[in-house]
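**Q** Chains as they are written, first to last, in my numbering: chain A, 1 to 433; chain B, 1001 to 1291.
Misleading hints may appear alongside valid ones.
[Said to hold, decoys possible] Restricting the straight-line Cα-Cα distance to at most 25 Å, the calculated cross-link-like pairs of lysine to aspartate or glutamate (DMTMM-like) are:
id: 1; chain 1: B; residue 1: Lys1256; chain 2: A; residue 2: Glu333
id: 2; chain 1: B; residue 1: Lys1067; chain 2: B; residue 2: Glu1200
id: 3; chain 1: B; residue 1: Lys1256; chain 2: A; residue 2: Glu222
id: 4; chain 1: A; residue 1: Lys164; chain 2: A; residue 2: Asp180
id: 5; chain 1: B; residue 1: Lys1256; chain 2: A; residue 2: Asp363
id: 6; chain 1: B; residue 1: Lys1067; chain 2: A; residue 2: Glu419
id: 7; chain 1: B; residue 1: Lys1067; chain 2: A; residue 2: Asp408
id: 8; chain 1: B; residue 1: Lys1067; chain 2: A; residue 2: Asp414
id: 9; chain 1: B; residue 1: Lys1067; chain 2: A; residue 2: Glu71
id: 10; chain 1: A; residue 1: Lys179; chain 2: B; residue 2: Asp1151
id: 11; chain 1: A; residue 1: Lys151; chain 2: A; residue 2: Asp363
id: 12; chain 1: B; residue 1: Lys1256; chain 2: A; residue 2: Asp239
id: 13; chain 1: A; residue 1: Lys31; chain 2: A; residue 2: Glu41
id: 14; chain 1: A; residue 1: Lys179; chain 2: A; residue 2: Asp197
id: 15; chain 1: B; residue 1: Lys1067; chain 2: A; residue 2: Asp197
id: 16; chain 1: B; residue 1: Lys1256; chain 2: A; residue 2: Glu167
id: 17; chain 1: B; residue 1: Lys1067; chain 2: A; residue 2: Glu41
id: 18; chain 1: B; residue 1: Lys1067; chain 2: A; residue 2: Glu168
id: 19; chain 1: B; residue 1: Lys1256; chain 2: A; residue 2: Glu419
id: 20; chain 1: A; residue 1: Lys179; chain 2: A; residue 2: Glu168
id: 21; chain 1: A; residue 1: Lys178; chain 2: B; residue 2: Asp1151
id: 22; chain 1: B; residue 1: Lys1256; chain 2: A; residue 2: Glu168
id: 23; chain 1: A; residue 1: Lys151; chain 2: A; residue 2: Glu277
id: 24; chain 1: A; residue 1: Lys151; chain 2: A; residue 2: Glu119
id: 25; chain 1: B; residue 1: Lys1256; chain 2: A; residue 2: Glu40
id: 26; chain 1: A; residue 1: Lys164; chain 2: A; residue 2: Asp239
Source of the hints: derived by calculation from the structure; they are not laboratory data.
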Amino acid sequence: MLSKRPVAVLLILAVLLAGLAPGVMAQEPIKLTVLTHWGEERLLVAQQAMIDEYVAAHPNVSIELQTVPFEELLTRIVTSRTAGTSPDIYHIYNLWLPEFTNGGLLAPMPEDLAAWVSENAAATSVVGVTYNDQLWGVPTEVNTYLLLYNKRLLAEAGYSEPPKTFEELVEIASAITKKDETGAVTQTGFAAITGWDSGVVHPFMALLYSNGGEYFNEDFTEVAFGNQAGLEVFQLYQDLLDSGGMDTSISGWDFPNGTVGMIIMANWWRATLRASENIDYETEVGVAPIPVGPSGTESSTLAYNWLWSVDANSPNQEAAWDFVEWMNTPRGEGEPSPMGNFLVNELGAIPSLLPDQAAFAEDLGDHFLAPFVASTAYARQEPVIGGSQEIKSLLQVEIESLFTGMTDPQSLIDYVVPEANAILEEFRAGAGG
Amino acid sequence: MRRRMIWGYVFIAIPILWLLVFSLGPILFSGWVSLHRWDMITPVAEMPYTGLENYDYIFTRDNVFPKALGNTFLFAIGGVTTNVVLGLAFALLLNTKIRGRTLWRVLYFLPVITAPLALGVIFAFMFNRNYGVINNLLVVLNLPRQGFLNDPNQAMFVLIAIAVYQYVGYYIVIYLAGLQDIPQDYYDAARVDGASYWQELWYITLPLLRPVMLFIIVTNTIGALQVFDLVFATTGGAPANSTMTVVLYMYNTAFKYSRMGRASAMAFVLFGIILLITIVQLRLFRDRTTA
């Protein structure tokens, strides 16, 4: 016969365990995978530190960080979806939103988080992460394009101020270009980053907007650069080439080497420029608004965004959104979020969230970033519609054809506009391969 | 006996199953996808059927595909012809009692084991207009600098040169094996009859090397028509699509534009072209051998 005492102890234990059951359930191990394109060793360490901090506070969660280079990110996302090995959390480029959302790849955002983002992100970034009137993630870095110029090369050519108009851009660029006695171009006034769609098309869009032009019409049914404003931008390239102010044998990537006078580039290049041994970041790198074209009235530019999103097939969506929210929540009043800290201190990027911008007001106010931060107020978000990526590649190839003398501004427009419109039509009709 | 036969079938079944699952299966799936619209995100079961629309598009409305096809043919014809001729010339040289023969063979073979991506990057530097060693050499020879990879009219020929540099060593080794298989008696008898070196080459060496040449032409053609990594690393299809090849365009269409149906149609067209060319090559050589 059992004595009463052990039975009582057993009963108490049973009640305690039963009471703990929901807690135990909540502590079930959860594994999240996060995919980003920040694969440099330094960035890996910083991301892992952020993850470790979260995991320490959430012992039931383990997080695996996966990184691939930017040029492989889209392929990895798509193939992992096909293979059924999708990560739970993606860091994605907003131009991919149409394909991702139409295909059901992304999970809808929790309403309270979406409302918080709407209130706490820069207006341009809210637009950037919205598609079909719905927010699809938490915006991270916002990038805009401005004119970077080498102050030393401009001064050597006799100019103390960067160009403010297309005309001045051609004049200053041609004054900077130099060739040696063998015909080798030793420095070029203006350069583009060819072989990469954003490197070619984003500067074009910045110039187009600064010339009073539009990339798409209002209802996004047609491209809108086949007019005078678009023609003048293509003609600007032609004039730069004809005047010798632009020589495509020197790539825009050579700007940090001190052999390029001017380039239209995004703020994320800051870390590279700071690390360059051939151009002094503090004294030689200048940043100016995009020159205004003959049809334009004021300088404008292009912005694009990145965002954290969650996979629609993730079995741990709640936990995934919780991690995303944690990363982007300020640690306290006036303090940055872990992500804001990463973006500013590790990437040298501009955070989309206003509390992070406020917390890093001093860092973002340096001579390089300040004009970029200011430009987020007037920058135009890259249109996020189906077919954008394909049109971008089409336009890249044709602008490069212009650079290599295989086409002229009017022929370029005559070819690209109907092709681009056909792509838009296909996406609207849900047709094509 | 019957039991042994069953075991035989069991062992054969493994490679056949492997082939069905990992070769035939994807080919059939790709063919099926080519008749649909698919972005690789939508579940396979929900792909909309489009019939021959993708084929119709790439042949009648796609401006890049014909250009990519033309570039691919140019690459294949240029590369295969050069490899066949240059490979034979070097093999004949290395088949003589030249000094340091083994060293030469190793040197010619080294590029074969180098990653095409690495070669692409190195050659891009070498062919740079402003500081590339090739242009500096041209300047020394009082010749004008060339755009090479920046020039749409020259870029594809530079890629052919890089591909030949990489693979000619492999074909030299194949040729050498063929040359060493030719009995010395034939040459001895020809010399007794007073044959010159060129007559020996024309009447003995080349006819007996025909099977080797067939192998080289067929495998090189198949490889050249599928070229991807070298172009991807060196030019990415630029400038102005002048080096865009079918497989690179297929890759862009599938993974950049999320049009897997259209990319699959391209893959099937390329598959048909390669099959047709290979059959023609085999027939041509077989007829000549039996004639």
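**Q** Confirm or reject each hint.
**A** Do the hints match the structure? See the list:
For the hint pairing B:Lys1256 with A:Glu333, the CA-to-CA distance comes to about 42 Å; that exceeds 25 Å, so the pair is violated. Taken as a hint, the B:Lys1067 and B:Glu1200 pair is broken in the structure, with Cα atoms around 43 Å apart against an allowance of 25 Å. Distance hint between B:Lys1256 and A:Glu222 is fulfilled; the C-alpha atoms sit about 21 Å from each other, no more than 25 Å. At roughly 29 Å between alpha-carbon atoms, A:Lys164 and A:Asp180 are farther apart than 25 Å, so this suggested pair is violated.
Between the alpha carbons of B:Lys1256 and A:Asp363 the distance comes to roughly 36 Å, so the proposed pair goes past 25 Å and is violated. Proximity of B:Lys1067 to A:Glu419 is assessed by CA-CA distance (about 16 Å); at most 25 Å being required, the pair is judged to hold. Between B:Lys1067 and A:Asp408, the direct Cα distance comes to roughly 19 Å. Compliance with the 25 Å bound is thereby established for this hinted pair. Our distance criterion of 25 Å between C-alpha atoms is met by B:Lys1067 and A:Asp414, whose separation comes to about 19 Å.
For the given pair, B:Lys1067 sits about 24 Å from A:Glu71 by alpha-carbon distance, which is consistent with the 25 Å threshold. A distance of roughly 19 Å separates the Cα atoms of A:Lys179 and B:Asp1151; the hinted pair therefore holds under the 25 Å criterion. For a cut-off of 25 Å, the pair hint linking A:Lys151 to A:Asp363 stands: about 22 Å separates their Cα positions. Note on B:Lys1256 and A:Asp239: the hinted pairing is violated, with a Cα-Cα distance of about 32 Å set against a maximum of 25 Å.
A distance of roughly 23 Å separates the Cα atoms of A:Lys31 and A:Glu41; the hinted pair therefore holds under the 25 Å criterion. Note on A:Lys179 and A:Asp197: the hinted pairing is violated, with a Cα-Cα distance of about 28 Å set against a maximum of 25 Å. With a CA separation close to 19 Å, the supplied pair B:Lys1067 and A:Asp197 stays within the 25 Å bound. Between the alpha carbons of B:Lys1256 and A:Glu167 the distance comes to roughly 36 Å, so the proposed pair goes past 25 Å and is violated.
Between B:Lys1067 and A:Glu41 the alpha-carbon distance is near 40 Å, which puts this suggested pair outside the 25 Å criterion. Of the pairs offered as hints, the one joining B:Lys1067 and A:Glu168 is violated, with about 38 Å between alpha carbons and a cut-off of 25 Å exceeded. About 17 Å separates the Cα atoms of B:Lys1256 and A:Glu419, which keeps this hinted pair within 25 Å; it holds. For the hint pairing A:Lys179 with A:Glu168, the CA-to-CA distance comes to about 21 Å; that is within 25 Å, so the pair holds.
Between the alpha carbons of A:Lys178 and B:Asp1151 the distance comes to roughly 20 Å, so the proposed pair stays at or under 25 Å and holds. Taking the CA atoms of B:Lys1256 and A:Glu168, the gap is near 37 Å; set against the 25 Å cutoff, the hint is violated. About 15 Å separates the Cα atoms of A:Lys151 and A:Glu277, which keeps this hinted pair within 25 Å; it holds. At roughly 39 Å between alpha-carbon atoms, A:Lys151 and A:Glu119 are farther apart than 25 Å, so this suggested pair is violated.
Note on B:Lys1256 and A:Glu40: the hinted pairing holds, with a Cα-Cα distance of about 23 Å set against a maximum of 25 Å. About 16 Å separates the Cα atoms of A:Lys164 and A:Asp239, which keeps this hinted pair within 25 Å; it holds.
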